[in-house]
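Colleague: Position in the sequence shown (from 1) plus 875 gives the number in our numbering.
It is possible that some hints are incorrect.
[Stated by the list, open to error] Calculated cross-link-like contacts (lysine-lysine; reagent style DSS-like; alpha-carbon spacing at most 25 Å):
#1 K1007 <-> K922
#2 K923 <-> K966
#3 K1007 <-> K1029
#4 K921 <-> K1029
#5 K966 <-> K1029
#6 K1007 <-> K923
Since the hints were derived computationally from the structure, they do not count as laboratory data. Predicted model only: the values in this text are computed from it and were never measured.
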Amino acid sequence: MALSVIGAGFGRTGTMSLKLALEQLGFGPCFHMAEFFISNAAEALKKKWERVAYGPGEPDWDYVFDGYRATVDWPSCVFFRELAGHYPLAKVILTVRDPERWFDSTQATIFRRNTSENLAERGDPWARMVLKVVNQLTFGGDVNDRDGCIAVYKAHNEAVRRAIPPERLLVYEAREGWAPLCRFLEVDVPDAPFPQANTTEEFQARRTDEAEKAAAEKGGA
């Protein structure tokens, strides 16, 4: 199964909504950072991506994405050039949002805990991969520097626009809904609301639930 859709947008740009939308449109399963925690093959995925990050050798993308028809979010968006070259028939979607709001969202969610220091201290396969691919390769180690992160975000989006031919690329905001996405993918618009998922509030509530569960388990040990 080859990838049909490659998401080139950073996390917190509507990538979970896009994942769910693609799966509704028949382009699933769709890989997303969440797969490391919700997939039945989560542990195998962590090991695959640790190898992508640290080698040895070049990644075997067919092996990495075995069973998936699409991919969005980190870590795969970092490798959009390699994936676009490896899957020449795949279409590329760049999810975007206002840079300032994007940064604020990352600080309230994914980068609130996943600083380089915290990831290095954890040291498990997933943390090692995120530390290398996201924190170090993408942001130079500091995911909390507003000006630096926004500059990286803008540069990445511009790099995608330059690298991918316009007929193969959709620059997309999730709030646009079904119409531009379905037109680009040449499929019918479904008779269902466009999915809106993983908002900042939902992310924070989920993290609170996870922390409370962990505390309860520790207290009962």
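Colleague: Which hint numbers does the structure go against, in order from smallest to largest?
Modeller: 4
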